[in-house]
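Q: Below, each chain spelled out in residue letters.
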Amino acid sequence: MTNQGRGLVLVASAVGMAGVLLSLGAAYAATSPVTATIAFDTPISLTKNADISFGAVKAGVASTYTISTAGSVSATGGGQWLYGAKTAGNVAIAGSTFQTVNISVGGYSGNGGVTPSNAKCAYNGGGEGSCTINGAAAPGAGKTLLIGVDAAADGTQIAGDTATPSFTVTVVYP
Amino acid sequence: MRLLKKVFVLTVAAGVFFPGFQRFSSAAAVQMSALIGFVNPLSVSNRSDVRFGGIHPEPHDQVVMDTTGKIKITGTGTVESADGQPGSISITDSNDQSVNFLPGNYRYGGSVGALKAICALNGNHADEKDCALLPPVTGMNKKTLDIGMDMTMAGAAASSQSVPSSFDISAVYQ
Numbered sequence: 001m002t003n004q005g006r007g008l009v010l011v012a013s014a015v016g017m018a019g020v021l022l023s024l025g026a027a028y029a030a031t032s033p034v035t036a037t038i039a040f041d042t043p044i045s046l047t048k049n050a051d052i053s054f055g056a057v058k059a060g061v062a063s064t065y066t067i068s069t070a071g072s073v074s075a076t077g078g079g080q081w082l083y084g085a086k087t088a089g090n091v092a093i094a095g096s097t098f099q100t101v102n103i104s105v106g107g108y109s110g111n112g113g114v115t116p117s118n119a120k121c122a123y124n125g126g127g128e129g130s131c132t133i134n135g136a137a138a139p140g141a142g143k144t145l146l147i148g149v150d151a152a153a154d155g156t157q158i159a160g161d162t163a164t165p166s167f168t169v170t171v172v173y174p
Numbered sequence: 001m002r003l004l005k006k007v008f009v010l011t012v013a014a015g016v017f018f019p020g021f022q023r024f025s026s027a028a029a030v031q032m033s034a035l036i037g038f039v040n041p042l043s044v045s046n047r048s049d050v051r052f053g054g055i056h057p058e059p060h061d062q063v064v065m066d067t068t069g070k071i072k073i074t075g076t077g078t079v080e081s082a083d084g085q086p087g088s089i090s091i092t093d094s095n096d097q098s099v100n101f102l103p104g105n106y107r108y109g110g111s112v113g114a115l116k117a118i119c120a121l122n123g124n125h126a127d128e129k130d131c132a133l134l135p136p137v138t139g140m141n142k143k144t145l146d147i148g149m150d151m152t153m154a155g156a157a158a159s160s161q162s163v164p165s166s167f168d169i170s171a172v173y174q
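As given, the protein sequences belong to chains A and B, one line each in that order. Under this note's numbering, the residue at position 103 of the first sequence is numbered 103, and the numbers go up by one with no gaps. Under this note's numbering, the residue at position 163 of the second sequence is numbered 163, and the numbers go up by one with no gaps.
Hint data in this document are derived by calculation from the structure and do not stem from the laboratory. None of the values given here were measured: they were computed from a predicted structure. Each residue gets a CB set at the ideal place from its N, CA and C atoms; glycine is no exception. It is possible that some hints are incorrect.
Quick list of simulated restraints, FRET-style, between CB atoms [stated by the list, open to error]:
{"id": "1", "chain 1": "B", "residue 1": "Ser170", "chain 2": "A", "residue 2": "Gly155", "range": "25 to 31 Å"}
{"id": "2", "chain 1": "A", "residue 1": "Ala70", "chain 2": "B", "residue 2": "Lys116", "range": "19 to 25 Å"}
{"id": "3", "chain 1": "A", "residue 1": "Thr144", "chain 2": "B", "residue 2": "Ala114", "range": "49 to 55 Å"}
{"id": "4", "chain 1": "A", "residue 1": "Lys86", "chain 2": "B", "residue 2": "Asp83", "range": "22 to 28 Å"}
{"id": "5", "chain 1": "B", "residue 1": "Ala114", "chain 2": "A", "residue 2": "Gly78", "range": "37 to 43 Å"}
Turn these sequences into a full structure, and let the hints steer you where they fit.
A: Encoded structure:
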C-alpha cells in the first residue's frame, strides 16, 4: 500500500470513530421529567396562658407538693398547703389542622431548694397523664394543654421565701 | 452536552429545594415556671377559758358575759359575782394574709338551751360581736381574741350544778 493509500485508511477510521462517538452523544441527551412536590402548613405556635402556682405552703418542712392539671395541691409528709391561688399551667397549642403533634417535657430546673419533676399533662380536655404524648390531635386554631408537676422542697425554706422551679414543654410535628 | 448539563442541574436543584414527599417539620417550646411560696402556719394558743363564776339563772333567762368579763342576766335570775373571766386566745402568723375566725362545734346541754360565742379582736371591746360575724383580719401578725358567751337557759339549773359547755374557735387563712 502506498503512503497515500495508508492516509486514506486513517482518515476513514477517524471518520468512523467520530460517527460512533456522535451516536453515543445522542444517547446522553435523553430527558426525564422531574416533579417537585411542596406542601404548605402552619407552624406550631405555643401561647402560655398561665404559669403554675402552688400558692403558699408550710415553710421549713421537706415535702413533695403535687399540683394536678385541675389545680389541686397535695403534699407528702408534713407538708401543708396553707393559702393562695392554686393554678395549673395552661398552654394553647396552635398549628396544623390535620397533622398530629408530639408533646414532651424536659429541662427540669430547680430553684430555691425546690426541684420539679414528673410533669403531668391533660391535652384538649382529656384526662391527666404523662406529658409524653405522641400523635396528639392536630391542634388547628388552638387546643389547650393543662400542666401539673411535682415540686420537692428540701425543707430549707423559711417563711417569706419563694421558689420558681421550671421546665420546658416542647411540641413538634412528628 | 449542554442539554445534559441542564438536566443534571435541574435534578440537583429539585433534590435540594423540593424534597419530594418529605413531611414539613416544625417545633415550638415554652418554658413553664412553678411559683411556690413558703409561710409559717397559723399558731393559735388558748390563754384562758371562759369562766362565769356564780350565777343563778332561771329558765329562759339570757345570760351574757361580754368580752371584758362583765356578766348580765336578762330575766329573773341573779348574778352573785358580776365579774367573770372571758376566754382569750392568741393567734400568730408570719405574714399579712387575711385570717378568718370561725366559731363552731358548740356543745352544751342540761339547763343550757342555746349558746353562742362573742368575740372582740385586739382589745376592741366596744366592737364585740357574734364571733361568726367577725370580718376577716389582715395585717396584724399577732392577734388576741377575747371571747365572751351569750347563753339562753332552757330549764332551771340546780344549785351548785356545773354546766360544762364548749365550742371551738378556728382561725383559718382566707
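Q: All hints are to be evaluated individually against the structure, with a verdict given for each.
A: Each hint, compared with the structure:
At roughly 27 Å, the beta carbons of Ser170 of chain B and Gly155 of chain A sit within the given window of 25 to 31 Å. Taking the beta carbon of each, Ala70 of chain A and Lys116 of chain B are about 38 Å apart, not inside 19 to 25 Å as hinted. Between Thr144 of chain A and Ala114 of chain B the C-beta distance comes to about 52 Å, which sits within the given range of 49 to 55 Å. For Lys86 of chain A and Asp83 of chain B, the hinted distance range of 22 to 28 Å is not satisfied, since their beta carbons lie about 48 Å from each other.
Range check, Ala114 of chain B to Gly78 of chain A: Cβ separation about 40 Å, and the 37 to 43 Å hint holds.
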